[in-house]
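Peer 1: The lines below spell out each chain.
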Amino acid sequence: MSEASPIHHAALGDRIAGAVLALLALGAWWHSHTFVTGFMQPVGPGVFPRLVSVPLGVLSLYLIARPGINQRWPEKAALVRQLGMLLLLGCYAVVLEPLGFVPATLVATVLLMRLFGARWRQALPYGALLGLSLYLLFEFALGIPLPDTPGWSG
Amino acid sequence: MDILDFLVHGFAVALQPEHLLLALIGCTVGTLVGALPGLGPVNGVALMIPLAFNFGLAPTAALILLVSVYYGCMYGGRISSIVLNIPGDEPAMMTTLDGYPMARAGRGGEALGLSAVASFAGATIATIGLTLFAPLLVKVAIRFGPAEYFALFMLAFATIGGVTSGSFTKSFIAACLGLLLGTVGIDPVSSVARYTFGWYELYDGIDYLVALIGLFAISECLLFLERDQRQDAAPVRLGSAAPGMRRSLDCASSIGRGSLIGFIAGVLPGAGASLGSFLSYSLEKRRWGAEGDFGRGDPRGVAAPEAGNNAAAGGALIPMLSLGIPGSGTTAILLALLLSMNITPGPLLFEQQPDMVWGLVAALFIGNVMLLVLNIPLVGLFAKVLQAPSWFLMPMVVLVAFVGIYSLNNSPFDLYMMLAFGVLGYVLRKLEIPTVPVVLGLLLGGQMEFNLRRALSITGGDWSILWSSGISIGIYAFAATLLCAGLIYALLVKRRLG
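Those protein sequences? They're chains A and B, same order as listed.
Quick note: the first sequence uses the working numbering, first residue -18, plus one each step.
Quick note: the second sequence uses the working numbering, first residue 101, plus one each step.
Hints may contain errors.
Said to hold, decoys possible - Result set (SDA-like, lysine to any residue): computed pairs, CA atoms no more than 25 Å apart in a straight line:
id, chain 1, residue 1, chain 2, residue 2
1, B, Lys530, A, Ala59
2, B, Lys530, A, Asn51
3, B, Lys385, B, Leu197
4, B, Lys530, B, Ala590
5, B, Lys484, A, Leu118
6, B, Lys239, B, Met254
7, A, Lys57, B, Arg529
8, A, Lys57, B, Ala520
9, B, Lys530, A, Gln52
10, B, Lys530, A, Ala46
11, B, Lys484, A, Tyr107
12, A, Lys57, B, Leu493
13, B, Lys530, A, Ile50
14, B, Lys239, B, Pro159
15, A, Lys57, B, Val523
16, B, Lys484, A, Pro106
17, B, Lys530, A, Arg47
18, B, Lys484, B, Ser340
19, B, Lys530, A, Leu42
20, B, Lys530, A, Gly49
21, B, Lys484, A, Arg95
22, B, Lys530, A, Arg(-4)
23, B, Lys484, A, Leu110
24, B, Lys530, A, Leu7
25, A, Lys57, B, Glu532
26, B, Lys530, A, Leu67
To be verified - Example chain B residues on the side facing chain A (calculated, C-beta under 8 Å, incomplete):
id, residue
27, Ser267
28, Thr269
29, Lys270
30, Phe272
31, Ile273
32, Leu279
33, Ser290
34, Val292
35, Leu322
36, Glu326
37, Pro495
38, Val498
39, Tyr516
40, Leu519
None of these hints come from the bench; they were simulated from the model.
Because the structure is a prediction, the values reported are computed rather than measured.
Note that the Cβ used here is the ideal one computed from N, Cα and C, for glycine as well.
Can you make the complete structure from the sequences, with help from the hints?
Peer 2: Set out below in structure tokens:
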């Protein structure tokens, strides 16, 4: 009975998703009544969202009642790496404009490569290489202005 | 012949040096991306879109570049299937079954050569099909009114269940979710802000490209982080490709059958390349039965699915170009590109922009020849790329996605949005809820609602217009038939498995 436990978890995942989606459908239905226009139209702005939220809600309830299969959810170590990637990329997006493209990207590429399993002696040179070649590609070959580093106007 | 004139004209467009160069770049990049495990045509084409925008390419040129990437990916997908036993993309899955055993037996070069010829044949047959059938479909579609278009969108969503071969419930949930996401932003008819919750960044709606790259590329990287990382591929001796090309003559009938089935699977909305290669392989296996050596390195088991998936890729362009309804994830992205450039595919496109349509068709023929030529001598080089470590490739994908998306609007908000869609895509994939219908919903929602409103404004709110013409009733009947066929097929599969 080695398959018993993933199937049990799978059902749970579908049930949670079904509940979230059913709530979303309900919210979308309810919120669509606030879309009011001054003039009369045969189909107002709220009609189509309501038309979509009905099947979404019904199918979500069906998913709660009859959940299917899911893939295996990640283990702790993988989850930490995934959260690390999201955090890293989120921070990268935050500092991209204040710090400028080159420094932000160099740090981001090196850390990303570490996250994907490179050693420091691999990540440092290749990260720098990737970051700089992207900069050259976008800034010069494609002619797209990327954020400058303050105080380093070229 | 009308079509022949148009095609000659199209070749004049496609043979311009700029377009030839773009086709060559597209084919090379596409083959590389397709060859890399985990990065299929969807990601390849999605990542190229911001680049195409940034190059400042004209719509025709951008379309030629992206379609070359698309065809290139379909060619490239087989390389890692054969060399590493890891499908480069989903449609190449069937190719592992006989391709990898051939490579293990030292016939890797033969398998690669044979599959290159099979891919070429499949793609060429499909492109000929596109040339012949798209104008016919356009002739019918030109008479469609808003009610018929609405029916057509219903058909696309009804057949979505077949794409994903997973659960029908989940496919439709995904489609509804996409349609709902598509309503976010200022309503173009009444100028009312819908579901924006005061965020002015959402007033223009959810950017297709941001959503696409998040759903596909970012979620792919998240999934990748779960795998065992220190896994290095053992190099396989390939041998020469030449015997494979001769072998393709023996397999000509398998290639022909595979191409035909693949083409039909591609044209049907929502079926796509995976189904094409699956059906082609199954048919070959059943056709030869015990005579064949399927699963242990039968060349016909490489030829048929490769012809099938490349033919499906070409077939999928027919509904996208002539009706504006994509049949697969990748054609959905091509549609996103066109919509972002303010071009609406459909029958009018053929009338108003014949240069673009026929230039594209001609570019497909040229790209196919390029791919065949590239794939014979360079296949060893492509196979080498597979040995590039993932710690370099995946960060590169993330970075290209990041810089590409940022450069569209110079807005960090788009980056947060992309990450959010990445998480959404990841969770959906874990739940086995397909992401392609979400994209289709997001893309087609606006047009679907627009046509619904136009139809109802003609009658002043009488809903019966939606099913009052013969054409729309026919479309609904066709949708119902496909839906039932899909349900019955799913039941049969379930019974056989359980």
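Peer 1: Any hints this thing doesn't respect? Which numbers, in order?
Peer 2: Those not satisfied: there are none.
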